[in-house]
Amino acid sequence: MTISKPATLLYLDGVSVSFDGFKALNSLSFVVEPGELRAIIGPNGAGKTTMMDIITGKTRPDSGEVFFEGQIDLTKKDEAEIAQLGIGRKFQKPTVFESHTVWDNLELALNRKRGVFATLFYRLSSQDRARIEEILATVRLTSRASDLAANLSHGQKQWLEIGMLLAQEPKLLLVDEPVAGMTDSETVETAILLKEIAKTRSVVVVEHDMGFIRDLGVKVTCLAEGSVLAEGSIDFVSADQRVIENYLGR
Amino acid sequence: MQAGVRGFQCTPASFKLVTSMTIRTAILTLCLLLQAAFAQAQTDLRSSVDALGQGKFADVEAAITVLAKTGDPKAVPVLEALAAGDLYTRKSDARVFMTRAAGDDVILIDPITGVEDATAPKASVQKIRVNNTVRRAVRTALGGLTLLSPERQTRLAAAQSVLMAPSGEVLDLVETALATEKDADVRRVMEEARAASLLKSDRSTDEKKQAIETIRQRGDRDALGILSSALGSVDETLRPDVERAIAGIEERQALWNAGQNVWYGISLGSVLLLAAIGLAVTFGVMGIINMAHGEMVMLGAYTTFVVQDVIRTRYPDMFEWSLAIALPLAFLFTAFIGLVIERGVIRFLYGRPLETLLATWGLSLILQQAVRSLFGPTNREVGNPTWMSGAFELGGLTITWNRLWIVVFSLSVFLALLAVLKRSSFGLQMRAVTQNRRMASSMGIRTPYVDAATFALGSGIAGMAGVALSQIDNVSPNLGQSYIIDSFMVVVFGGVGNLWGTLVGAFSLGILNKFLEPYAGAVLGKIFVLVLIILFIQKRPRGLFALKGRAVDA
Amino acid sequence: MITAFLLRALDRNILIAIAALLIVAALVPVLNLLVPPTSPFHIPTYIVSLMGKYLTYAMLALALDLVWGFCGILSLGHAAFFALGGYAMGMYLARQIGARGTYGNALLPDFMVFLNWKELPWYWTGFDHFWFAALMVLAVPGLLAFVFGWFAFRSRVTGVYLSIITQAMTYALLLAFFRNEMGFGGNNGLTDFKDILGFNIQAGGTRNALFAATAVALAFSLLVASGIVRSKFGKVLVGVRDAESRTRFLGYRVENIKLFTFTVSAMMAGVAGALYVPQVGIINPGEFAPANSIEVVIWTAVGGRGTLIGPIIGAVLVNFGKSVFTAAFPEFWLFALGGLFVAVTLFLPKGIVGTWRQMRARRRETARMTAASPQAAE
Numbered sequence: 003m004t005i006s007k008p009a010t011l012l013y014l015d016g017v018s019v020s021f022d023g024f025k026a027l028n029s030l031s032f033v034v035e036p037g038e039l040r041a042i043i044g045p046n047g048a049g050k051t052t053m054m055d056i057i058t059g060k061t062r063p064d065s066g067e068v069f070f071e072g073q074i075d076l077t078k079k080d081e082a083e084i085a086q087l088g089i090g091r092k093f094q095k096p097t098v099f100e101s102h103t104v105w106d107n108l109e110l111a112l113n114r115k116r117g118v119f120a121t122l123f124y125r126l127s128s129q130d131r132a133r134i135e136e137i138l139a140t141v142r143l144t145s146r147a148s149d150l151a152a153n154l155s156h157g158q159k160q161w162l163e164i165g166m167l168l169a170q171e172p173k174l175l176l177v178d179e180p181v182a183g184m185t186d187s188e189t190v191e192t193a194i195l196l197k198e199i200a201k202t203r204s205v206v207v208v209e210h211d212m213g214f215i216r217d218l219g220v221k222v223t224c225l226a227e228g229s230v231l232a233e234g235s236i237d238f239v240s241a242d243q244r245v246i247e248n249y250l251g252r
Numbered sequence: 077m078q079a080g081v082r083g084f085q086c087t088p089a090s091f092k093l094v095t096s097m098t099i100r101t102a103i104l105t106l107c108l109l110l111q112a113a114f115a116q117a118q119t120d121l122r123s124s125v126d127a128l129g130q131g132k133f134a135d136v137e138a139a140i141t142v143l144a145k146t147g148d149p150k151a152v153p154v155l156e157a158l159a160a161g162d163l164y165t166r167k168s169d170a171r172v173f174m175t176r177a178a179g180d181d182v183i184l185i186d187p188i189t190g191v192e193d194a195t196a197p198k199a200s201v202q203k204i205r206v207n208n209t210v211r212r213a214v215r216t217a218l219g220g221l222t223l224l225s226p227e228r229q230t231r232l233a234a235a236q237s238v239l240m241a242p243s244g245e246v247l248d249l250v251e252t253a254l255a256t257e258k259d260a261d262v263r264r265v266m267e268e269a270r271a272a273s274l275l276k277s278d279r280s281t282d283e284k285k286q287a288i289e290t291i292r293q294r295g296d297r298d299a300l301g302i303l304s305s306a307l308g309s310v311d312e313t314l315r316p317d318v319e320r321a322i323a324g325i326e327e328r329q330a331l332w333n334a335g336q337n338v339w340y341g342i343s344l345g346s347v348l349l350l351a352a353i354g355l356a357v358t359f360g361v362m363g364i365i366n367m368a369h370g371e372m373v374m375l376g377a378y379t380t381f382v383v384q385d386v387i388r389t390r391y392p393d394m395f396e397w398s399l400a401i402a403l404p405l406a407f408l409f410t411a412f413i414g415l416v417i418e419r420g421v422i423r424f425l426y427g428r429p430l431e432t433l434l435a436t437w438g439l440s441l442i443l444q445q446a447v448r449s450l451f452g453p454t455n456r457e458v459g460n461p462t463w464m465s466g467a468f469e470l471g472g473l474t475i476t477w478n479r480l481w482i483v484v485f486s487l488s489v490f491l492a493l494l495a496v497l498k499r500s501s502f503g504l505q506m507r508a509v510t511q512n513r514r515m516a517s518s519m520g521i522r523t524p525y526v527d528a529a530t531f532a533l534g535s536g537i538a539g540m541a542g543v544a545l546s547q548i549d550n551v552s553p554n555l556g557q558s559y560i561i562d563s564f565m566v567v568v569f570g571g572v573g574n575l576w577g578t579l580v581g582a583f584s585l586g587i588l589n590k591f592l593e594p595y596a597g598a599v600l601g602k603i604f605v606l607v608l609i610i611l612f613i614q615k616r617p618r619g620l621f622a623l624k625g626r627a628v629d630a
Numbered sequence: 121m122i123t124a125f126l127l128r129a130l131d132r133n134i135l136i137a138i139a140a141l142l143i144v145a146a147l148v149p150v151l152n153l154l155v156p157p158t159s160p161f162h163i164p165t166y167i168v169s170l171m172g173k174y175l176t177y178a179m180l181a182l183a184l185d186l187v188w189g190f191c192g193i194l195s196l197g198h199a200a201f202f203a204l205g206g207y208a209m210g211m212y213l214a215r216q217i218g219a220r221g222t223y224g225n226a227l228l229p230d231f232m233v234f235l236n237w238k239e240l241p242w243y244w245t246g247f248d249h250f251w252f253a254a255l256m257v258l259a260v261p262g263l264l265a266f267v268f269g270w271f272a273f274r275s276r277v278t279g280v281y282l283s284i285i286t287q288a289m290t291y292a293l294l295l296a297f298f299r300n301e302m303g304f305g306g307n308n309g310l311t312d313f314k315d316i317l318g319f320n321i322q323a324g325g326t327r328n329a330l331f332a333a334t335a336v337a338l339a340f341s342l343l344v345a346s347g348i349v350r351s352k353f354g355k356v357l358v359g360v361r362d363a364e365s366r367t368r369f370l371g372y373r374v375e376n377i378k379l380f381t382f383t384v385s386a387m388m389a390g391v392a393g394a395l396y397v398p399q400v401g402i403i404n405p406g407e408f409a410p411a412n413s414i415e416v417v418i419w420t421a422v423g424g425r426g427t428l429i430g431p432i433i434g435a436v437l438v439n440f441g442k443s444v445f446t447a448a449f450p451e452f453w454l455f456a457l458g459g460l461f462v463a464v465t466l467f468l469p470k471g472i473v474g475t476w477r478q479m480r481a482r483r484r485e486t487a488r489m490t491a492a493s494p495q496a497a498e
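Chains as they are written, first to last, in my numbering: chain A, 3 to 252; chain B, 77 to 630; chain C, 121 to 498.
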């Protein structure tokens with residue numbers, strides 16, 4: 003690693019994890035700078051989702067270092083702590099609270115005190131109200147604020163989830179396949195939305211859709227068999243012989 | 077004396093067999109001689125028997141000892157009659173008789189020959205009273221007397237009875253018998269009987285030391301009893317030897333006890349395994365929470381009851397085969413019920429485990445009440461065929477046949493199931509469906525068919541378990557309820573979706589339970605195991621043999 | 121803050137339910153005590169106690185709804201908390217018997233005299249006082265729920281696994297309370313109560329007071345439960361139920377949320393048990409039977425889980441049905457109950473109240489659509 007740890011937002015070094023003998027991550031090293039938008043590609047089973055699990059505290063690595071903002075050891079924290087530190091995560095399958103309204107979904111996601119008693123006696127302040135309305139506008143769901151999340155279309159649920167992550171005000175956003183199952187126009191809009199979001203924070207996007215990644219126009223990391231295969235611009239990576247063999251296909 | 081008996085018996089046969097005059101004469105002479113000796117013995121015996129009717133208990137005891145020393149088997153019925161309180165003294169001449177009631181009078185019977193004598197008024201005879209000391213003396217004497225019997229079984233029993241009630245008086249007899257004994261088993265017991273008797277006699281200290289060693293080697297509870305009673309009677313110099321021997325035996329006993337506990341644990345484990353194995357299919361493989369599982373076991377047990385009932389009334393000779401007949405019937409019947417439940421209720425609830433739990437609980441209530449209405453609320457009697465009854469000894473272990481068969485049966489069911497899952501095409505389809513339903517279905521596997529068949533298989537196994545459990549448990553409508561929580565514990569403890577986990581889980585819980593019982597009692601032991609499992613699940617929420625990785629979330 | 125919390129609890133339905141409970145609390149004693157027995161409006165005393173029993177069951181179902189309906193924790197051991205609350209009250213009542221027991225021993229309850237015990241075990245101290253017993257009614261179930269939940273939720277035991285170990289918990293307690301050595305009366309439990317707070321427990325006035333107290337306690341529980349589910353905490357609770365990992369990744373400590381709810385619910389169940397015991401006059405280990413806990417689940421399911429009012433209706437309906445059935449055709453009750461389990465899960469998964477609300481919402485939707493369509497046509 004040529005980059006010094008303190009300057010990074012996210013720092014993974016030599017991370018390995020295996021399930022029942024299957025090595026999901028094999029000495030993975032990976033760095034995200036503050037304010038960076040990064041795309042990750044790779045074939046199925048390359049370890050993309052496992053990497054996200056490790057960053058967000060869902061899985062503990064067998065070995066290796068995971069640091070946030072240079073000095074916070076993420077391997078010692080659980081999901082809730084990591085989320086409170088400012089790492090948001092969007093799942094592959096849109097995961098929103100279906101039996102709550104769009105508004106309530108965002109209210110729950112707001113970065114406020116999350117303790118038992120704080121939530122029991124919480125009252126919506128005008129400040130919070132304004133913030134939720136702002137996010138609703140950003141994710142283009144203002145007109146559907148009082149609808150149940152269950153009644154949204156697939157693409158709208160994806161956006162609602164992104165909106166919830168914004169409400170969380172994370173420093174780092176991990177987004178897993180945001181455009182899977184979206185129409186072309188939705189895909190384009192999502193790319194715009196993510197670029198907008200990346201202006202104020204770091205974002206890591208996992209995606210299969212090469213067109214979408216080209217739209218983003220950012221640094222790309224290709225994973226295969228649990229470690230980094232190549233890293234660089236989309237053109238550089240897609241020209242790499244091993245990437246072609248492992249992922250893009252000949 | 078033995079010669080006398082033989083001679084008496086051989087005489088008539090000898091006349092027919094032997095043709096030569098000289099030989100005949102010679103034999104005749106011999107027979108006469110023997111008969112003379114026999115007559116002599118007869119009188120001796122008679123007077124010894126009559127001595128039984130004289131004096132106090134101590135005198136009776138002495139007379140018994142004299143009788144025993146004669147070594148004459150003829151004395152056996154006399155002593156038996158004495159112990160049974162059937163021996164009387166004729167007041168007129170103090171002769172001893174057995175009696176048989178004949179109206180107001182009694183018929184006197186010669187106790188030695190068994191020949192009926194005169195009839196006499198009841199008042200003319202007096203019963204010979206016996207107390208426990210006398211009875212013990214009789215037992216010892218009998219033991220000694222039958223030691224020379226030509227029957228192996230009788231000799232063995234005699235040696236054992238001497239061993240149980242050793243005394244210095246029979247020692248000579250035991251040694252005589254030992255000198256001619258050929259059978260190894262009988263010899264061993266006789267040696268021990270000799271040793272036990274020797275400790276009570278006034279032989280030398282060295283011989284006694286050897287005797288202690290002989291008994292120590294026997295090493296069971298009886299040996300412990302002999303040695304502890306000897307502890308009081310031997311002289312000071314021998315005490316340390318006896319104590320050391322006792323300690324040695326106790327140590328060995330403790331070891332055997334531990335072994336017995338392991339066996340009990342294995343036995344309980346096999347019962348748990350039987351109850352849980354069907355659940356391992358429905359819950360473990362399919363993820364269906366079947367709270368009516370216990371009722372499937374119960375139905376299997378009732379199938380056994382019905383089969384035996386039909387056999388008893390129609391074909392009583394077939395009783396030995398009742399379990400073999402009940403087994404496939406129980407499998408088919410419960411599998412059918414399972415099929416109906418799966419098609420009728422459960423298939424509408426896939427992916428909703430908590431609702432499945434509630435619906436199957438409802439079904440369990442219905443099945444219980446149905447059986448209660450049909451067969452009544454009380455226990456029904458299910459018999460054990462002879463090959464399931466009784467017990468045998470293995471070293472210091474007592475093993476009952478029914479428990480042994482159940483261990484064997486549970487393991488065979490387990491292996492058979494394993495084979496079905498791993499080797500048959502149905503097993504392959506089943507695993508395919510449970511791992512990826514949509515993929516399996518798109519590959520042409522009829523998933524609803526596989527679901528139904530799998531559930532039926534699990535239920536059928538539960539039914540077979542019921543046949544086995546009917547042999548050791550009460551067959552009542554509540555039978556299933558007592559197993560359901562334990563079965564779930566086994567499956568959860570072992571790890572859901574892993575048959576080997578179920579096996580290990582069942583046996584480890586069984587053995588743990590039985591090892592806790594002596595210290596905590598049965599109920600507290602069980603509570604302890606439950607708490608332990610609750611704590612264990614906290615530590616490893618997915619059991620001993622858990623699946624890891626992404627598959628878990630799917 | 122608390123006032124705001126409770127005010128928010130009062131939506132229209134809850135308000136109606138609470139008002140109805142308070143009216144019943146006042147009306148039933150009037151109809152029992154003041155209306156002459158000849159009048160058709162008179163309620164006999166045994167009916168008052170029976171209704172009181174139903175209301176304690178309703179409270180237990182409400183407690184279960186809080187954890188199951190809103191948080192997705194299907195507890196199959198809630199009757200254990202109910203029974204523990206009941207035992208705490210039973211111990212107080214047993215101490216009030218004093219020297220009036222069969223053995224006339226003022227120091228020890230009858231069963232201890234029978235077991236040849238010489239002195240009161242340490243854990244019986246304090247139960248002479250009502251305030252202490254009342255405290256224990258909350259503390260014992262609450263503590264058990266807290267300790268159990270602490271371990272279970274922390275290690276993320278969820279779904280059916282949690283259900284099974286809650287069942288194991290109540291089963292273990294059942295076995296434990298059956299033991300004479302435990303000092304809770306073994307098989308027979310605690311019974312033959314005489315007084316409560318100095319009033320004769322058999323007297324009509326006391327029975328009416330107990331009934332009224334139960335109705336008021338239920339109304340208050342409903343208020344608290346509603347306050348919880350209508351707060352932001354309640355929304356988080358539903359979030360945990362529907363998408364646990366999403367809630368976690370939003371930064372909520374799911375284990376604390378579950379633990380709080382589970383403990384509150386257990387305490388509510390404990391209070392219900394404490395009100396149950398003086399009205400039925402006995403508490404024994406049978407209350408810990410796993411079957412009891414599962415029955416509570418069906419009351420909740422019949423009424424409609426996640427609706428708060430539904431479980432109350434469900435508990436009263438099912439138990440009324442049970443009383444009628446077991447009197448008329450006792451052998452068919454289990455068929456009926458079993459059938460109810462199957463029918464509700466298959467055909468009425470949302471329960472009575474849930475289905476009714478759904479139908480009303482759909483009607484409103486159609487009404488709006490039909491109202492909107494002519495304008496669209498213009």
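Take the hints with a grain of salt, since some may be wrong.
As the list claims (entries may be wrong) - Each computed EDC-like pair below joins lysine to aspartate or glutamate, with the alpha-carbon atoms no more than 20 angstroms apart: (1) K7(A) x E100(A); (2) K7(A) x D22(A); (3) K602(B) x D362(C); (4) K159(A) x E364(C); (5) K615(B) x D106(A); (6) K145(B) x D126(B); (7) K95(A) x E364(C); (8) K203(B) x D259(B); (9) K201(A) x E67(A); (10) K95(A) x D211(A); (11) K79(A) x D362(C); (12) K145(B) x D135(B); (13) K60(A) x E135(A); (14) K352(C) x E100(A); (15) K352(C) x D178(A); (16) K352(C) x E67(A); (17) K615(B) x D64(A); (18) K201(A) x E71(A); (19) K285(B) x D296(B).
For the record, the hints were derived by calculation from the structure and aren't laboratory data. Since the structure is predicted, the reported quantities are computational estimates derived from the model, not experimental observations.
Checked hints:
1. K7(A) x E100(A): violated, 40 angstroms
2. K7(A) x D22(A): violated, 32 angstroms
3. K602(B) x D362(C): violated, 36 angstroms
4. K159(A) x E364(C): Distance ~17 angstroms between K159(A) and E364(C) Cα, so the pair holds.
5. K615(B) x D106(A): violated, 35 angstroms
6. K145(B) x D126(B): Distance ~15 angstroms between K145(B) and D126(B) Cα, so the pair holds.
7. K95(A) x E364(C): Holds - the C-alpha atoms of E364(C) and K95(A) are around 14 angstroms apart, at most 20 angstroms.
8. K203(B) x D259(B): violated, 40 angstroms
9. K201(A) x E67(A): Measuring from Cα to Cα gives roughly 28 angstroms; hence the hint is violated.
10. K95(A) x D211(A): Holds, at roughly 16 angstroms.
11. K79(A) x D362(C): Violated - the C-alpha atoms of D362(C) and K79(A) are around 24 angstroms apart, more than 20 angstroms.
12. K145(B) x D135(B): Distance ~15 angstroms between K145(B) and D135(B) Cα, so the pair holds.
13. K60(A) x E135(A): violated, 31 angstroms
14. K352(C) x E100(A): holds, 16 angstroms
15. K352(C) x D178(A): Answer violated: K352(C) to D178(A) is near 28 angstroms, above 20 angstroms.
16. K352(C) x E67(A): Between K352(C) and E67(A) the Cα gap is close to 37 angstroms, so the pair fails against 20 angstroms, i.e. violated.
17. K615(B) x D64(A): Given that 20 angstroms is the threshold and the Cα spacing comes to 19 angstroms, the pair holds.
18. K201(A) x E71(A): holds, 18 angstroms
19. K285(B) x D296(B): holds, 18 angstroms
Violation of the numbered hints given earlier is confined to hints 1, 2, 3, 5, 8, 9, 11, 13, 15, 16; the remaining hints are satisfied by the structure.
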